[in-house]
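Now for the letters of each chain:
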Amino acid sequence: QQQVKQSPQSLIVQKGGISIINCAYENTAFDYFPWYQQFPGKGPALLIAIRPDVSEKKEGRFTISFNKSAKQFSLHIMDSQPGDSATYFCAASIDKAAGNKLTFGGGTRVLVKP
Amino acid sequence: EAGVAQSPRYKIIEKRQSVAFWCNPISGHATLYWYQQILGQGPKLLIQFQNNGVVDDSQLPKDRFSAERLKGVDSTLKIQPAKLEDSAVYLCASSVSGVNTGELFFGEGSRLTVL
Numbered sequence: 001q002q003q004v005k006q007s008p009q010s011l012i013v014q015k016g017g018i019s020i021i022n023c024a025y026e027n028t029a030f031d032y033f034p035w036y037q038q039f040p041g042k043g044p045a046l047l048i049a050i051r052p053d054v055s056e057k058k059e060g061r062f063t064i065s066f067n068k069s070a071k072q073f074s075l076h077i078m079d080s081q082p083g084d085s086a087t088y089f090c091a092a093s094i095d096k097a098a099g100n101k102l103t104f105g106g107g108t109r110v111l112v113k114p
Numbered sequence: 001e002a003g004v005a006q007s008p009r010y011k012i013i014e015k016r017q018s019v020a021f022w023c024n025p026i027s028g029h030a031t032l033y034w035y036q037q038i039l040g041q042g043p044k045l046l047i048q049f050q051n052n053g054v055v056d057d058s059q060l061p062k063d064r065f066s067a068e069r070l071k072g073v074d075s076t077l078k079i080q081p082a083k084l085e086d087s088a089v090y091l092c093a094s095s096v097s098g099v100n101t102g103e104l105f106f107g108e109g110s111r112l113t114v115l
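So the sequences go chain by chain: A and B. Start counting the first sequence at 1; every next residue gets the next number (the working numbering). Start counting the second sequence at 1; every next residue gets the next number (the working numbering).
Hints may be right or wrong, so weigh each one.
[Stated by the list, open to error] Label-pair restraints from in silico Cβ distances:
(1) A:PRO40 to B:ALA5: 15 to 23 Å
(2) A:ARG109 to B:ASN52: 36 to 44 Å
(3) A:LYS57 to B:ALA2: 26 to 34 Å
(4) A:ARG109 to B:TYR10: 19 to 27 Å
(5) B:SER66 to A:THR28: 28 to 36 Å
(6) A:ILE18 to B:ARG16: 45 to 53 Å
None of these hints come from the bench; they were simulated from the model. Predicted model, so just to flag it, every value in this text is computed and none were measured. C-beta: ideal position from N, C-alpha, C; glycine also.
My request is simple: use the sequences and hints to build the entire structure.
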């Protein structure tokens, strides 16, 4: 019930195209859904996040869409650039007083071709 | 502001040997996490500290893994004896306690190869 399933495992997109990554979860207690971006040799870094009371959040070229009834959320990268080539992880957490316990998806490796 | 510091960055050992990883979190962050990231997979939480107390170690293989966070600041993760399947990147992260922003700040990780 703690699992977060992510797809696809990898995708290739042309520069200027749209990258779409999907995640699904089971635990309805999850109340925060961040996306992390990881470059080779680096630790993951927070990209954008959403709460269940919002259906969409946009920051620059990155948009999260959230479907609470379907228990699914997705990341859209608009106008993809070669610098966006990285591994993207969706995650989910339950609000706790002692900080966040994140459950990560399996990751999606995105390659943007120039 | 300095980020999360980890050392060593790389370690190669034989199976059944021991290894220790060190982490220094961002100053003022009360919560510290150790994650294991196997190649091609998402990070998996091993242990979570709040100050120097353990909040969650349910996925820590306690027969071989141990971790401590003395004085509520830096932390050490130890593996003894190591197995081949322990080959992974060990990520340390920290966060401001009590604020559910989903934002964990990760170090660059310690890559372990067990031969």
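Practice task
For the range 19 to 27 Å, tell me whether the beta carbons of ARG109 of chain A and TYR10 of chain B fit it or not.
Solution key: 22 Å, holds
Problem - Distance restraint hint 45 to 53 Å, applied to the beta-carbon atoms of ILE18 of chain A and ARG16 of chain B - result: 49 Å, holds
Practice task
Take the C-beta atom of ARG109 of chain A and the C-beta atom of ASN52 of chain B, compute their distance, and say whether it sits inside 36 to 44 Å.
Solution key: 37 Å, holds
Problem - Verdict for PRO40 of chain A, ALA5 of chain B (Cβ pair) under range 15 to 23 Å - result: 19 Å, holds
Practice task
Using the Cβ atoms, figure out if SER66 of chain B sits within 28 to 36 Å of THR28 of chain A.
Solution key: The hinted range 28 to 36 Å holds for SER66 of chain B and THR28 of chain A, with Cβ atoms some 34 Å apart.
Practice task
Given the hint of 26 to 34 Å, check if LYS57 of chain A and ALA2 of chain B actually sit that far apart at their C-beta atoms.
Solution key: For LYS57 of chain A and ALA2 of chain B the Cβ distance comes to about 29 Å; the hint holds.
Hint check: no violations occur; every hint is consistent with the structure.
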